[in-house]
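Undergrad: Line by line, the protein sequences are chains E and C. So for the first sequence, our numbering puts the first residue at 1; every next one is plus one. So for the second sequence, our numbering puts the first residue at 1; every next one is plus one.
Keep in mind that the hints were calculated from the coordinates and are not lab data. Wrong hints could be hidden among the right ones.
Below, computed lysine-lysine pairings styled on DSBU-like, alpha-carbon distance capped at 30 Å [stated by the list, open to error]:
{"#": "1", "chain 1": "E", "residue 1": "6", "chain 2": "C", "residue 2": "581"}
{"#": "2", "chain 1": "C", "residue 1": "241", "chain 2": "C", "residue 2": "466"}
{"#": "3", "chain 1": "E", "residue 1": "102", "chain 2": "C", "residue 2": "518"}
{"#": "4", "chain 1": "C", "residue 1": "9", "chain 2": "C", "residue 2": "336"}
{"#": "5", "chain 1": "C", "residue 1": "581", "chain 2": "E", "residue 2": "48"}
{"#": "6", "chain 1": "E", "residue 1": "6", "chain 2": "C", "residue 2": "482"}
{"#": "7", "chain 1": "E", "residue 1": "6", "chain 2": "C", "residue 2": "486"}
{"#": "8", "chain 1": "C", "residue 1": "4", "chain 2": "C", "residue 2": "534"}
{"#": "9", "chain 1": "C", "residue 1": "534", "chain 2": "C", "residue 2": "574"}
{"#": "10", "chain 1": "C", "residue 1": "5", "chain 2": "E", "residue 2": "6"}
{"#": "11", "chain 1": "C", "residue 1": "571", "chain 2": "C", "residue 2": "534"}
{"#": "12", "chain 1": "E", "residue 1": "104", "chain 2": "E", "residue 2": "80"}
{"#": "13", "chain 1": "C", "residue 1": "482", "chain 2": "E", "residue 2": "104"}
{"#": "14", "chain 1": "C", "residue 1": "581", "chain 2": "E", "residue 2": "44"}
{"#": "15", "chain 1": "E", "residue 1": "6", "chain 2": "C", "residue 2": "4"}
{"#": "16", "chain 1": "C", "residue 1": "471", "chain 2": "C", "residue 2": "486"}
{"#": "17", "chain 1": "C", "residue 1": "520", "chain 2": "E", "residue 2": "80"}
{"#": "18", "chain 1": "C", "residue 1": "498", "chain 2": "E", "residue 2": "104"}
{"#": "19", "chain 1": "E", "residue 1": "48", "chain 2": "C", "residue 2": "571"}
{"#": "20", "chain 1": "C", "residue 1": "520", "chain 2": "C", "residue 2": "126"}
{"#": "21", "chain 1": "C", "residue 1": "241", "chain 2": "C", "residue 2": "548"}
{"#": "22", "chain 1": "C", "residue 1": "241", "chain 2": "E", "residue 2": "48"}
{"#": "23", "chain 1": "E", "residue 1": "79", "chain 2": "C", "residue 2": "520"}
{"#": "24", "chain 1": "E", "residue 1": "6", "chain 2": "E", "residue 2": "132"}
{"#": "25", "chain 1": "E", "residue 1": "102", "chain 2": "E", "residue 2": "79"}
{"#": "26", "chain 1": "E", "residue 1": "44", "chain 2": "C", "residue 2": "518"}
{"#": "27", "chain 1": "C", "residue 1": "574", "chain 2": "E", "residue 2": "48"}
{"#": "28", "chain 1": "C", "residue 1": "574", "chain 2": "E", "residue 2": "44"}
{"#": "29", "chain 1": "C", "residue 1": "520", "chain 2": "E", "residue 2": "44"}
{"#": "30", "chain 1": "C", "residue 1": "498", "chain 2": "C", "residue 2": "486"}
{"#": "31", "chain 1": "C", "residue 1": "518", "chain 2": "C", "residue 2": "241"}
{"#": "32", "chain 1": "C", "residue 1": "520", "chain 2": "E", "residue 2": "102"}
{"#": "33", "chain 1": "E", "residue 1": "102", "chain 2": "C", "residue 2": "498"}
{"#": "34", "chain 1": "C", "residue 1": "241", "chain 2": "C", "residue 2": "51"}
{"#": "35", "chain 1": "C", "residue 1": "5", "chain 2": "C", "residue 2": "548"}
{"#": "36", "chain 1": "E", "residue 1": "44", "chain 2": "C", "residue 2": "571"}
{"#": "37", "chain 1": "C", "residue 1": "241", "chain 2": "C", "residue 2": "472"}
{"#": "38", "chain 1": "C", "residue 1": "574", "chain 2": "C", "residue 2": "518"}
Chain by chain, the residues:
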Amino acid sequence: MAAQIKVLLSKLGLDVHNRGLITVANELRDAGMEVIYIGNSFPKEIIKTAIQEDVDVVGVSSLGGAHLTLGGELIEMAKKEGLKERLALVIGGVFPPADGTKLKEIGFDGIFMPGATREEIVTSIRQIVSVKMDRPP
Amino acid sequence: MAEKKKTTKEILREKLPERTAPSLYNPAALEGLCQEFEQWRSTMVGEEDRKNWCVTPHTILGSEIPREMLYTPLSNPDFDYMQDLGHSGQEPFTRGIHANMYRGREFTMRQLTGFGGPEETNQRIKFMLAHGGTGINVLFDLPTIQMYDSDDPMSRGQVGMSGVAVDSVEDMDLIFKDIPLDRVTVSLVTHYPSNTAILFPMYLVLAERRGIPWNKLRGSVQNDITLEEVVRSGPEYIPPKDCFRIQCDNIEFIRQNVPLWNFVTYNGYNLREFGTSGVTEMAVALANAIGTLEEMLRRGHEVDWIAERLAFFWSPASDFFEEVARIRAVRRLWYKIMKYRFDTQSPRSMWMRCHVQTSGVSLMREEPLNNIIRAAYHALACVLGGVQSLHVDSYDEAYSVPTEEAALLSLRTQQIIQAETGVTEVVDPLGGSFYVEALTNEIEMRILDEVDEIERIGGYVTALEKGWLHKKIAEYFNNERKMIEKGVIKLVGYNFYKAPVELPPINVFRYPEGVEEKQKARLGKLREKRDIEKVNSALLALEEACKKGENVMPYTLQCARVGCSEGEIFKVFKQAFGLWKPPVFW
């Protein structure tokens with residue numbers, strides 16, 4: 001049996017729109033993952049918690065426009081801590097379409113836009129983890 | 001032992017006059033009709049339809065109330081026109097709060113505006129007014145809503161996003177440049193009691209500077225504990241009871257000093273969008289309003305002094321007739337509460353005045369132009385329900401803040417309803433519909449039942465502290481998500497009639513660049529030039545007032561006058577009240 005995937009979820013920065021992420025938290029848990037939900041947080045604290053909790057996945061949510069600024073900071077922080085290669089970093093929220101591509105370029109492993117289904121999210125996270133961490137899906 | 005406090009529902013049950021007047025329908029005629037109906041049903045209606053006579057529409061943010069296939073006078077046999085409806089402008093105000101409704105005063109077209117720095121927002125406000133917008137509606141950026149300054153490390157990367165950045169009176173001044181404050185109505189979307197206590201004084205100080213007396217100012221703030229303690233997702237919260245106190249302090253001060261201002265807008269909107277049915281949305285707002293009035297009575301005020309200026313804010317979603325019925329139902333229920341629970345004689349106190357904004361979560365990213373149609377139906381339902389003012393969401397909001405073109409289209413949606421469809425000429429055009437009246441009755445009953453549930457927990461603030469609402473929301477939206485995924489709730493272009501090919505992209509708004517730097521520079525300049533001793537003593541006096549239980553607003557006003565920033569003032573609240581950890585259910 002594959003090891004349980006451990007996920008850290010956080011609202012990025014001061015964003016107040018939290019329905020989406022709470023929904024995702026539920027769905028990942030129902031899919032058998034271990035979920036740690038920390039509410040609103042900033043890149044530095046998110047990475048610190050990711051290290052402490054030794055998670056496989058960090059998922060952040062931004063619907064307020066800060067996906068590139070704070071999202072970029074999160075990736076930088078992960079690189080600095082040497083986590084970029086052994087951690088799946090995913091982001092969801094409201095972005096202009098071109099920014100989806102940019103988020104991929106700066107290093108997010110998964111991008112989820114409004115309308116992403118439970119199945120898309122769960123499957124995609126499992127896949128990223130299996131590829132990145134060389135684990136059976 | 002003290003007598004157990006009666007709930008609003010119990011009071012209404014005792015005090016509402018008995019239905020003595022004869023029904024509009026003649027009993028003999030009804031009996032005949034009943035036989036006709038049964039015969040029709042057994043001969044004309046197929047077996048399948050008879051079996052599925054009641055069907056529950058599954059819609060985004062819907063209430064899941066079952067509907068019959070056909071409504072007749074038999075659906076509401078003891079219908080009493082004067083007692084249930086009355087004429088428009090007459091008790092129980094089911095048909096509208098004014099006799100002539102939109103013939104007398106058109107609904108206010110109040111489109112939200114706010115992005116980037118104050119300069120950009122000022123330009124957008126002028127654009128909307130130049131195209132026939134009749135009210136201003138200013139939305140603040142995330143750091144401003146959450147009460148952090150633009151130069152706070154917490155704000156980096158988020159300044160001017162989702163709204164306009166405001167740190168001090170200087171920014172307020174720029175937002176309203178060339179706009180005569182004594183001749184416009186301004187809705188400042190200060191969601192929380194805490195940020196209302198901080199931002200509204202900045203607006204008042206701006207009026208002072210321009211020599212405009214406060215009694216000439218017209219507009220509204222939100223000032224709603226539900227937004228601060230439930231709907232919000234933030235790093236730092238003050239406890240519910242302190243938040244409620246600030247809500248009431250704001251109301252008291254504004255009522256005393258800015259007589260034409262609407263000091264609270266019970267915001268069902270953001271709550272419903274977060275995830276509740278239209279019934280819970282209204283029940284929560286009513287419970288909060290009842291709690292507020294009780295607190296104001298305790299503080300020694302007359303009920304009408306407050307009630308005459310209360311306003312509500314609703315989210316209309318896609319179940320068209322439910323939305324029309326809901327607005328009518330809550331208007332009648334509010335009348336009953338004011339007349340029989342608070343014993344008012346003033347018609348103005350019995351009026352439920354409301355603003356609506358079309359539903360944002362109902363908008364889809366897939367095939368975004370479909371959203372234009374959705375929002376137009378939402379808006380039409382509200383106008384048929386008799387609301388006072390409207391904001392229509394833009395079709396591109398599943399991508400970003402609306403472009404100028406999309407914002408104009410939203411305004412045009414309202415103008416087309418108003419000028420081209422003819423629906424505003426007749427008051428309450430759906431009144432008397434067998435279906436709409438039956439649905440209005442059902443929804444009114446369900447709202448009152450949920451108010452009762454809240455009061456039995458111990459009132460609204462206690463229900464919040466216990467996480468009752470947090471839990472209800474989580475259950476609702478998780479269930480809704482499942483219904484969407486299973487295709488039970490149908491969304492055209494998303495899970496129903498999905499397009500086989502991707503459509504061409506739409507234009508999407510880009511935030512202006514350099515806003516953060518500009519805000520920081522302006523705030524830096526203010527910090528240099530202000531009198532730091534005055535700043536410190538104003539902040540200290542505020543902290544004392546918080547701790548002593550004095551009304552906070554005279555003190556936040558003084559803070560605004562001497563150039564305190566928003567973040568500095570919020571820091572005082574945090575020190576004085578401590579922090580609260582809201583429950584999270586998932």
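Undergrad: Now tell me if each hint is right for this structure.
TA: Status of the hints after comparison with the structure:
1. 6/E to 581/C: holds, 24 Å
2. 241/C to 466/C: Between residue 241/C and residue 466/C the Cα gap is close to 12 Å, so the pair holds against 30 Å.
3. 102/E to 518/C: Answer holds: residue 102/E to residue 518/C is near 25 Å, not above 30 Å.
4. 9/C to 336/C: This hinted pair holds, its Cα atoms lying about 10 Å apart.
5. 581/C to 48/E: holds, 21 Å
6. 6/E to 482/C: Holds, because 23 Å separates the two Cα atoms, which is no more than 30 Å.
7. 6/E to 486/C: Between residue 6/E and residue 486/C the Cα gap is close to 27 Å, so the pair holds against 30 Å.
8. 4/C to 534/C: Roughly 49 Å between the alpha carbons, so the hint for residue 4/C and residue 534/C is violated.
9. 534/C to 574/C: holds, 21 Å
10. 5/C to 6/E: violated, 49 Å
11. 571/C to 534/C: holds, 17 Å
12. 104/E to 80/E: holds, 18 Å
13. 482/C to 104/E: holds, 28 Å
14. 581/C to 44/E: holds, 21 Å
15. 6/E to 4/C: Since the Cα atoms of residue 6/E and residue 4/C sit roughly 49 Å apart, the hinted pair is violated (cutoff 30 Å).
16. 471/C to 486/C: Judged against 30 Å, a Cα distance of about 23 Å means the pair holds.
17. 520/C to 80/E: holds, 28 Å
18. 498/C to 104/E: This hinted pair holds, its Cα atoms lying about 26 Å apart.
19. 48/E to 571/C: holds, 25 Å
20. 520/C to 126/C: holds, 25 Å
21. 241/C to 548/C: holds, 15 Å
22. 241/C to 48/E: violated, 33 Å
23. 79/E to 520/C: holds, 29 Å
24. 6/E to 132/E: OK: residue 6/E and residue 132/E at ~14 Å, within 30 Å.
25. 102/E to 79/E: With Cα atoms ~17 Å apart, residue 102/E and residue 79/E stay inside 30 Å; holds.
26. 44/E to 518/C: holds, 25 Å
27. 574/C to 48/E: holds, 25 Å
28. 574/C to 44/E: Holds. Residue 574/C to residue 44/E sits at ~23 Å (cutoff 30 Å).
29. 520/C to 44/E: Judged against 30 Å, a Cα distance of about 22 Å means the pair holds.
30. 498/C to 486/C: holds, 14 Å
31. 518/C to 241/C: Status violated; Cα separation ~37 Å.
32. 520/C to 102/E: holds, 27 Å
33. 102/E to 498/C: Given that 30 Å is the threshold and the Cα spacing comes to 27 Å, the pair holds.
34. 241/C to 51/C: violated, 51 Å
35. 5/C to 548/C: holds, 29 Å
36. 44/E to 571/C: holds, 22 Å
37. 241/C to 472/C: holds, 20 Å
38. 574/C to 518/C: The given pair, whose Cα atoms are some 27 Å apart, holds under the 30 Å limit.
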